[in-house]
Structure formats: C-alpha cells, structure tokens
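S.K.: Here is what each chain is made of, one letter per residue.
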Amino acid sequence: AQSVSQHNHHVILSEAASLELGCNYSYGGTVNLFWYVQYPGQHLQLLLKYFSGDPLVKGIKGFEAEFIKSKFSFNLRKPSVQWSDTAEYFCAVTPRSNDYKLSFGAGTTVTVRA
Amino acid sequence: DTAVSQTPKYLVTQMGNDKSIKCEQNLGHDTMYWYKQDSKKFLKIMFSYNNKELIINETVPNRFSPKSPDKAHLNLHINSLELGDSAVYFCASSPLAGATYEQYFGPGTRLTVT
Numbered sequence: 001a002q003s004v005s006q007h008n009h010h011v012i013l014s015e016a017a018s019l020e021l022g023c024n025y026s027y028g029g030t031v032n033l034f035w036y037v038q039y040p041g042q043h044l045q046l047l048l049k050y051f052s053g054d055p056l057v058k059g060i061k062g063f064e065a066e067f068i069k070s071k072f073s074f075n076l077r078k079p080s081v082q083w084s085d086t087a088e089y090f091c092a093v094t095p096r097s098n099d100y101k102l103s104f105g106a107g108t109t110v111t112v113r114a
Numbered sequence: 001d002t003a004v005s006q007t008p009k010y011l012v013t014q015m016g017n018d019k020s021i022k023c024e025q026n027l028g029h030d031t032m033y034w035y036k037q038d039s040k041k042f043l044k045i046m047f048s049y050n051n052k053e054l055i056i057n058e059t060v061p062n063r064f065s066p067k068s069p070d071k072a073h074l075n076l077h078i079n080s081l082e083l084g085d086s087a088v089y090f091c092a093s094s095p096l097a098g099a100t101y102e103q104y105f106g107p108g109t110r111l112t113v114t
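For the record, the sequence lines run as chains A and B. The first sequence begins at 1 in my numbering and counts up by one. The second sequence begins at 1 in my numbering and counts up by one.
Just so you know, these hints were derived from the structure itself, not from any lab. All C-beta atoms, glycine included, are put in the ideal place defined by N, C-alpha and C. Hints are supplied without guarantee of correctness; some may be wrong.
Quick list of the computed label-pair ranges, beta carbon to beta carbon [what the hints assert, rightly or not]: (1) A/51 to B/73: 28 to 34 Å; (2) B/101 to A/70: 27 to 33 Å; (3) B/79 to A/12: 26 to 32 Å; (4) A/10 to B/57: 29 to 35 Å; (5) A/28 to B/28: 34 to 40 Å; (6) A/80 to B/62: 34 to 40 Å; (7) B/38 to A/64: 28 to 34 Å.
Please construct the entire structure, taking both the sequences and the accompanying hints into account.
M.R.: Right, here's the structure in full:
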C-alpha cells in the first residue's frame with residue numbers, strides 16, 4: 001500500500017516569506033499527485049494536481065508544486081505568502097493502477113503572521 | 001449554494017449508541033466518498049460509491065454501514081459507537097470514479113463519543 005509523508009507538522013512564517021512544504025510518497029508505480037488546502041472553518045479544496053507532463057504544476061492562489069520522480073517527492077511552494085494562506089495543507093497520492101483510492105499525508109499546519 | 005453538505009456538523013453521543021451522518025451533493029456527480037480524519041489529522045478513506053454501487057470498502061469495522069439511496073446521497077450509519085470512533089468524518093464527491101477527477105469535500109462532521 002502506498003503511504004504519504006509530510007515532513008513539517010507546523011510551519012510558522014511571516015507575510016512575504018517563501019513557503020515550501022515537503023511531501024514524499026512510497027509507491028513504486030505511476031501515481032497521480034495532489035495538494036489540498038483546508039482554510040480555517042472551511043472544507044478541503046484542491047490547490048493543484050499532477051498527472052503527467054511538465055513536472056512543475058501551477059495551482060490556484062500562486063501555489064506551485066514540483067514532481068521529482070527520482071525522489072518520490074511532490075513539494076509545494078509559494079514565493080511570497082499572505083496572511084490568508086494560513087491553513088492546513090494536505091498532500092495526497094493515488095496509484096494509477098487503482099486510482100479510486102486517495103491516500104493523504106498527515107497535513108501541515110501553516111500559520112502566517114501579519 | 002453548498003455543493004457537498006453534511007448533517008449534522010457536530011455530533012456528541014454516548015458509547016453504545018447508534019448514529020447516522022448524512023451527506024448530499026448537488027453537483028450531479030456519480031461518485032461519493034466517506035473519509036475519517038483522526039485526532040492526528042490523518043485522513044483515511046472509508047468507503048466509496050459510484051452510482052449507488054460500493055466500489056471501495058476499506059478495512060472498517062462492520063459497525064459502519066454506508067447507504068446510498070440515490071447517487072446524490074451517501075449516508076453513514078454507525079452502530080454501537082465506541083470512544084475510538086471520535087473523529088471528523090468528511091464526505092466527498094467527484095464527477096466519476098477515479099482520482100483523475102477532483103474530489104469536492106463537505107465541511108465535515110465532528111463526532112465525539114463520550
């Protein structure tokens with residue numbers, strides 16, 4: 001079974017700082033990759049996804065993620081965060097061979113201080 | 001308009017009781033899911049239905065029984081509640097089965113078993 005690791009449990013940074021959240025997965029085959037975000041009091045929503053093609057994918061709200069196959073990683077980045085980026089961020093993976101099952105990481109809490 | 005709604009939002013009950021959580025989506029999607037998020041924020045899939053048919057049934061105690069009266073609804077019934085059932089339960093839907101399709105999440109139901 002695949003698993004997903006998010007290295008940072010809680011990240012605290014100031015506005016305008018750059019953000020990078022790590023995500024590694026363990027699965028030998030081809031995968032689909034996702035980042036979801038949960039703003040305080042709101043439901044989970046998709047930030048971006050990668051299926052194939054350019055390994056650098058751009059999502060909503062200025063986020064991007066890079067798929068590095070050799071490292072089994074899909075790190076999320078934002079060059080300059082805003083206070084409104086305070087949220088819980090979840091990496092998720094599904095194997096192409098059975099893409100019904102989305103496996104989530106434990107999440108990273110991001111707190112942006114004004 | 002709420003795309004995926006869940007009721008109730010909060011549920012506090014005693015051990016041994018039977019309770020249900022309801023989920024409805026007005027997106028016209030064929031596939032619906034139930035996820036459990038534990039106290040460590042791990043999100044794990046429990047069930048998935050595609051057009052009222054069960055397609056994912058993870059290792060979940062048989063005290064948990066999903067019911068899909070139509071493709072817009074997926075309810076979760078829990079018998080003989082235990083302390084360990086305390087969690088946030090998320091419903092989600094996607095246009096079709098498979099992670100190629102974005103999943104839309106509901107706001108969650110926080111279940112507390114005392």
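S.K.: State for each hint whether it applies.
M.R.: Going down the list of hints, with the structure as the test:
Evaluation of the 28 to 34 Å hint for residue 51 of chain A and residue 73 of chain B yields a pass: the beta carbon distance comes to about 29 Å. Between residue 101 of chain B and residue 70 of chain A the CB atoms are about 28 Å apart, so this pair conforms to the stated range of 27 to 33 Å. For residue 79 of chain B and residue 12 of chain A, the Cβ-Cβ distance of about 42 Å falls outside the hinted range of 26 to 32 Å, so the restraint is violated. Evaluation of the 29 to 35 Å hint for residue 10 of chain A and residue 57 of chain B yields a pass: the beta carbon distance comes to about 34 Å.
The hint said 34 to 40 Å for the Cβ distance between residue 28 of chain A and residue 28 of chain B, and at roughly 36 Å that hint holds. The hinted range of 34 to 40 Å is not satisfied by residue 80 of chain A and residue 62 of chain B, whose Cβ atoms lie roughly 50 Å apart. A C-beta distance of roughly 30 Å is found between residue 38 of chain B and residue 64 of chain A, which places it inside the suggested range of 28 to 34 Å.
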